[in-house]
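Given the structure of chain A, go ahead and fit chains B and C onto it with the hints provided.
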Amino acid sequence: MKRETIINWILALGLLAVPFAALSFDEPFYITLATRVAILALAGVGLNIALGLGGMVSFGHAAFFGIGGYAAGILATHAFNQEPLMTWPLEIAGSNSMLVIWLVAIVMCAIVATVIGMITLRTSGVYFIMITLAFAQMIYYFAISWPSYGGEDGLSIYVRDGFPGLNTLDPMHFFMICYVVLMVCLLFSALLRDSRFGAALQVARQNEVRLASTGIAPFNIRLVAFVISASMTGLAGALFADLNRFVSPSMLSWQVSGEIMIFVILGGVGRLFGPLAGAALFIVMEFYLGGVTEHWQLFLGLILLCVVLFVRGGVVGILAGRQSHG
Amino acid sequence: MTLALFTEQLLNGVQFGVMLFLMAAGLTLVFGVMGLINLAHGSLYMIGAFLCATVAVATGSFWLGLVASLAGAAAAGAVMEIAVIRRLYDRDHLDQVLATFALILIFSEGTRWIFGSFPLYLDIPKALQGAVELPGGAEYPLYRLSIIVVGLLIAFGLYLLISRTRLGMRIRAGESDREMIGALGVDIRTLYTVVFALGAALAGLAGALVGAIQSVQVGMGEPVLILAFVVIVIGGIGSVKGALIGAILVGVVDTMGRILLPQFFALFMETSQATSVGSALASMAIYILMAVILAVKPQGLFAAST
Amino acid sequence: MADLQTVLELNDLRKTFGALKATDGVSLDVRAGEIHALIGPNGAGKSTLIHQVAGSLAPDAGHVRFLGEEINALTVAQRVRRGLGRTFQVSSIAPEFSALRNVMLSVQSTQGSSFRFFKPVMRDRSLIESAMEKLELVGLAKRADIVAAELSHGERRQLEMAMALALKPKLLLLDEPMAGMGPEGSKRLTGFLDTLRHEVPILLVEHDMEAVFSLADRISVLVYGRVIASGTVSEIRANRDVREAYLGEED
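Protein chains in written order, with my numbering: chain A, 1 to 326; chain B, 327 to 632; chain C, 633 to 883.
Excised from the complex, chain A in its bound form (with noise of 0.2 Å):
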């Protein structure tokens, strides 16, 4: 078995393993801790699908996230108020189920990427990167500024969201949801990568050139697959405002840009669990390293620098060794 598939499977029992340790040693904010994990790294799958895959650098993807929080947010509060959503021109009530909520997350995000991803593909590199902080900070002064859902102080979902089956009040119920959504998607995102579409995206990043001189236009590929890599991220904010049970606009500021990168380039951009590892790392860092000083962001910095700098491949590039495309 190849080294690099050892350590995800490695990751992803580990992350398991978690929670149900936690359970055993009476400390279920472990459990909350490793929920947390599955989501950021869950954010941050959908980013490498652009990025690491696609080599767009989206640094505004905290749009989507926020997006994805803020349906839930919405949704269920009008649910808990038991005031439709609108009347005209059709009824559309709350919602307390987060089969539903997932569902319009992925919806919105969707549509809000199409509409970026038109303006912002036609452009080259360097603006790409400028116009999707630029349109995140957007979304991120309009939702301060709208009124209705709690502005600057954000929103708060005061009953936890529902799942068929499931009592999602209880923490390990709740990250059973979480790991299974980030295994799903973790499972399409490695179907992707091998499949014509992937290959078709990975020359968009590679050489940009020979795709258009194979036949493909790589416009219309790089903007499904930020789509895609936006509806992913957007769930992954879906299931962080149920975790918080709370949405804010800080949800959608450039430092959630940022975290989101920072755990895809920690772990290793485009490696399939490069996310779960970064996450992981930042998490573990932020508990403990917070705990140590408030200025732990200094030592994350350097850090970053660092791998940047001089460590290329991120954690599941040291451990795995030279990625094969084949």
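No lab work stands behind these hints, which were simulated from the structure alone. In this text, all values refer to a predicted model and were calculated from it rather than measured experimentally. Each statement offered as a hint is correct.
In the DMTMM-like style, the derived pairs of lysine to aspartate or glutamate whose C-alpha atoms are separated by at most 20 Å in a straight line are:
{"no.": "1", "chain 1": "A", "residue 1": "2", "chain 2": "C", "residue 2": "728"}
{"no.": "2", "chain 1": "A", "residue 1": "2", "chain 2": "C", "residue 2": "777"}
{"no.": "3", "chain 1": "C", "residue 1": "802", "chain 2": "C", "residue 2": "849"}
{"no.": "4", "chain 1": "C", "residue 1": "751", "chain 2": "A", "residue 2": "194"}
{"no.": "5", "chain 1": "C", "residue 1": "800", "chain 2": "C", "residue 2": "701"}
{"no.": "6", "chain 1": "C", "residue 1": "802", "chain 2": "C", "residue 2": "702"}
{"no.": "7", "chain 1": "C", "residue 1": "819", "chain 2": "C", "residue 2": "666"}
{"no.": "8", "chain 1": "C", "residue 1": "751", "chain 2": "C", "residue 2": "761"}
{"no.": "9", "chain 1": "C", "residue 1": "819", "chain 2": "C", "residue 2": "849"}
Here is chains B and C on its own, set in the frame of chain A:
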């Protein structure tokens, strides 16, 4: 809407734009000459503000503070360039973004460690306190007017620098063909450090000037940085002229939008709703402007030929 | 009997860069079954012309007609789909993929949609077999699993050819395919192109005069953006203007 209010807000928009120009000029020069995108530019703005505030409070002189911020930001820029930035010129944009993002974390947390989380205050210097009378009868703060003047002077100075001096010639040559000027024997490394430090000084100056009208705190630089990106995208990357026009455009549209849009919606909506819709749209105005310009000119208004 | 159908037609193409007339009213055509060589000194505008035919540069005036259809408005990818194949002067490959996967992408482009998200390409037998067939044709079958970045210069040229052929082109634009090849490689490639002309007509841009004179059915000479002469090999050899244009030019 009175003439006085209109003129006041228009000037505010120009002042905002001029400050954005100081940020954007440095960014666009660095990208044009070195091909590098620098997210830590906002940190240099912050450093300029902190230096000015600290020195001004310690010595009692705003002007000394200003000198300190220019020199300090330039020095910080030079150190940044030598220690980190020059390793990034050959790297792809992703690495540049990540490394400079790491620098943001380091500078922000470092500043917070030294100064704490509470904002610092910087007073407007006595000589520039007071107001000037505008057409329409209102009074406009002298300090803000001075910022506009300083900004335009610097824009003119940059124009002279780039079009009339040897340094400017090297900058223009570097923008059009990076490898060539190395082959021609121009000392690239020094040129790059100088360009970077120049950009840093401009950012630090902007931070110091704004510090007297807004608070000086950690994280003040990044929102301005992102706006500077919008300016560059609109103006065309690598173009200082584009940065000036884009900056004034952004500054005026943003400021006037916040006043005019709620009033526009109040024409057919009730006031509180008009205010919320209006201000929400106003917060998006410049980004929509950017999108519209990109749709017509994907390289920006005055993009360099490369 | 050779079919005299015109596959590619350039009609009074013009392209100016500032004061430089890179393409100054170029008209030429390529017929089925032939190799039409385009020669000219450095700076004559051969690359600019290739870009306009391939679609990466829009002409200021004039028309490009492919298989009777005017293609001025089509993108590079669209032209490729219509059958306009091309190889590059500096090999353009996907460096992280193996030679096999590089060619598989071309095959994928001709066999249905690229918007398939679930079936792994490495299990798609038809893609693999079609790709291996082309690799064997160019002599690269043994190096199929080697990462493209690690292929030698000559092997990359072979890979480019395999990728172009896998697209089932109706015309091939070859941009200095002999460049950087030693005498062995040039001879092999010349032989290969000789057999290829019957399957697909070729517009061959080349500096290697030996190859040009042995392969070309017709030759057009481009100098300062204009075609100063066009005809058979013997006609061009005898042409005084052509000899003058090449005076001092190293073969």
